[in-house]
Amino acid sequence: MSAIEDLVTELSQLPGIGRKTAQRLTFYLLKQPVETARRLADAIRAVRDRVKACGVCGMLTDDDPCVICSDPRRDPSVVCVVEESADVGAIERAGRFRGRYHVLGGRLSPLEGVGPEALHLEHLLGRVGDGSGVREVIIATNPSMEGEVTATYLQQVLRPSGVRVTRIARGLPVGGDLEYADGVTIAQALLARRDMSEAD
Amino acid sequence: MALVTTSAVVLRTYPYSETSKIVRLATRDLGVQSAIAKGVLRPRSRFAAGLELLSEGMAQLYHRETRELQTLAAFDLLVLRRELAQDVGRFAGATAQAELMLKMAPEAPLPGAYDALTTGLDALRAAVPDAVDAVALRGLWLLLGALGFAPALGSCVRDGTPVPTLPGGGQVAFSTAEGGVLCARCAPPPPPTSNQATRLPAQAHRDLVALNDPDAPLPALAPPHAAAHRRLLARFVRHHFGEASTLPALDFWERHAWSPPLPPPSAIPAPAPAPAPAPSAAS
Ligand SMILES: [Zn+2]
Ligand SMILES: [Zn+2]
Chain R
3 MSAIEDLVTE LSQLPGIGRK TAQRLTFYLL KQPVETARRL ADAIRAVRDR VKACGVCGML
63 TDDDPCVICS DPRRDPSVVC VVEESADVGA IERAGRFRGR YHVLGGRLSP LEGVGPEALH
123 LEHLLGRVGD GSGVREVIIA TNPSMEGEVT ATYLQQVLRP SGVRVTRIAR GLPVGGDLEY
183 ADGVTIAQAL LARRDMSEAD
Chain F
35 MALVTTSAVV LRTYPYSETS KIVRLATRDL GVQSAIAKGV LRPRSRFAAG LELLSEGMAQ
95 LYHRETRELQ TLAAFDLLVL RRELAQDVGR FAGATAQAEL MLKMAPEAPL PGAYDALTTG
155 LDALRAAVPD AVDAVALRGL WLLLGALGFA PALGSCVRDG TPVPTLPGGG QVAFSTAEGG
215 VLCARCAPPP PPTSNQATRL PAQAHRDLVA LNDPDAPLPA LAPPHAAAHR RLLARFVRHH
275 FGEASTLPAL DFWERHAWSP PLPPPSAIPA PAPAPAPAPS AAS
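Going down the list, the sequences are from chains R and F. Sequence positions in the first sequence follow our numbering and run 3 to 202. Sequence positions in the second sequence follow our numbering and run 35 to 317.
Next up, chain R with everything else stripped away, as it sits in the complex (with noise of 0.2 angstroms):
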């Protein structure tokens, strides 16, 4: 196979990438000074070498403990649960949230064979139960039947420790995604946060 193909064929692997669009970008790369390929091909090589999951959080950090993990003006009585650390990004842009996150890393998704052990619900258990003083747990899980059903099982999941768990409110469109919400919307939902109990 030519280098030519190697790259048409690697990139049209990526989500929303098709054949076409793969080998224009592939041209493309070709018709560009040779250092603006090589300065692609190190970045996608240091991101898979450097990136990893925070110890504490799970979010994919350059440094363990993340930054925001590490950093002492944050409040860690409050942590935010998201699925993924793309949604970590969406409510540090809205820049309300003070508390620190815990990232799942997916949801449980029965369809998809996601159960409750892929959620790294050891370490969010673990710094709800070691004293280091949680007060409350905010679930922002997408507003998705999947993101629902999540909340629902670590609402559960969470009851025997006795914190205040909490779902950030609907202000985000049903079936919406929190990585694509504006950070107005994120910053309401937060605001409206609501207790989670066996009543709702």
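Just so you know, the hints here were simulated from the structure itself, not pulled from any lab data. Note that the structure is a prediction, hence the values are computed from the model and not measured. Yeah, the Cβ is synthetic: ideal placement off N, Cα and C, and Gly gets one too. Incorrect hints may have been included.
With the C-beta cut set under 7 angstroms, the calculated list includes, among others, these residues of chain R facing chain F [claimed, not checked]:
no., residue
1, Leu-16
2, Gly-18
3, Pro-112
4, Gly-115
5, Gly-117
6, Met-147
7, Thr-154
8, Tyr-155
Chain F is faced by these chain R residues, among others (derived, beta-carbon under 7 angstroms) [claimed, not checked]:
no., residue
9, Val-58
10, Leu-113
11, Glu-150
We have chain R; now place chain F with the ligands onto it with these hints.
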């Protein structure tokens, strides 16, 4: 190419691009179909509620039989079924039904299976908490029946000899491989040496008959009995779909992956006879 309007349930969605999704739909008029929903992730998209899992609506599909991927033109929401996400057990039962539909239904009209699916999903929304397992079991058995896999429960699957439900104790042989109960003549002598035949206690047989009869009162299943019924159903499904095919939602539901573990299950796949009074449901 024809524009077809049919009621449909969202069985799965896959992200396709920044603005589009691919959906797998159970449709009433066209069977299970894959379709692209262009622009569904845009704000104010014309697709109601972003095509939520298990929601039901009137779908408009540009349909061509020779094509694997149809185009979804619109989806007008009828039922969202968000209650299913307020209880992991309900959600598990519902996704196990969706999975059966995905794996077993043909790309051809099968309105009976479609109606069994929507009836089963709505029964799970409405079930009282203690009945969630039994309602899911009934939904799955009736969906299997509508898909052409109903178990033989009243007569021997091999020679048709009537096998009545026993009012008291005793056991009834059930063969997963053959798809139903066996009469005394056909049943292998106890103890069962092969895993081909299971010995169902009379109570479990009565409950199984009631679960497969939509008009019978729903049997009350204590947790260990419900677990045994889940294992029996899961084994039945796996046998008929091939052990090789993965059924993650069925596994999740069968082992109650969200619950703290039950007391150790009995060695046999069906419960020991319960001291509970015999239900009148076994007629
Ligand atoms: Zn961290
Ligand atoms: Zn027989």
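For each hint, the structure was consulted:
1. Leu-16: violated, 11 angstroms
2. Gly-18: Because about 4 angstroms separates Gly-18/R from the closest Cβ in chain F, which is inside the 7 angstroms limit, the hint holds.
3. Pro-112: holds, 4 angstroms
4. Gly-115: It holds, given that the least Cβ distance between Gly-115/R and chain F is near 3 angstroms, below 7 angstroms.
5. Gly-117: holds, 5 angstroms
6. Met-147: Since chain F brings a Cβ to about 4 angstroms from Met-147/R, closer than 7 angstroms, the hint holds.
7. Thr-154: holds, 6 angstroms
8. Tyr-155: holds, 5 angstroms
9. Val-58: violated, 25 angstroms
10. Leu-113: Since the shortest Cβ distance to chain F is 5 angstroms, the answer is holds.
11. Glu-150: holds, 4 angstroms
Hint check: violations occur at hints 1, 9; the rest are consistent with the structure.
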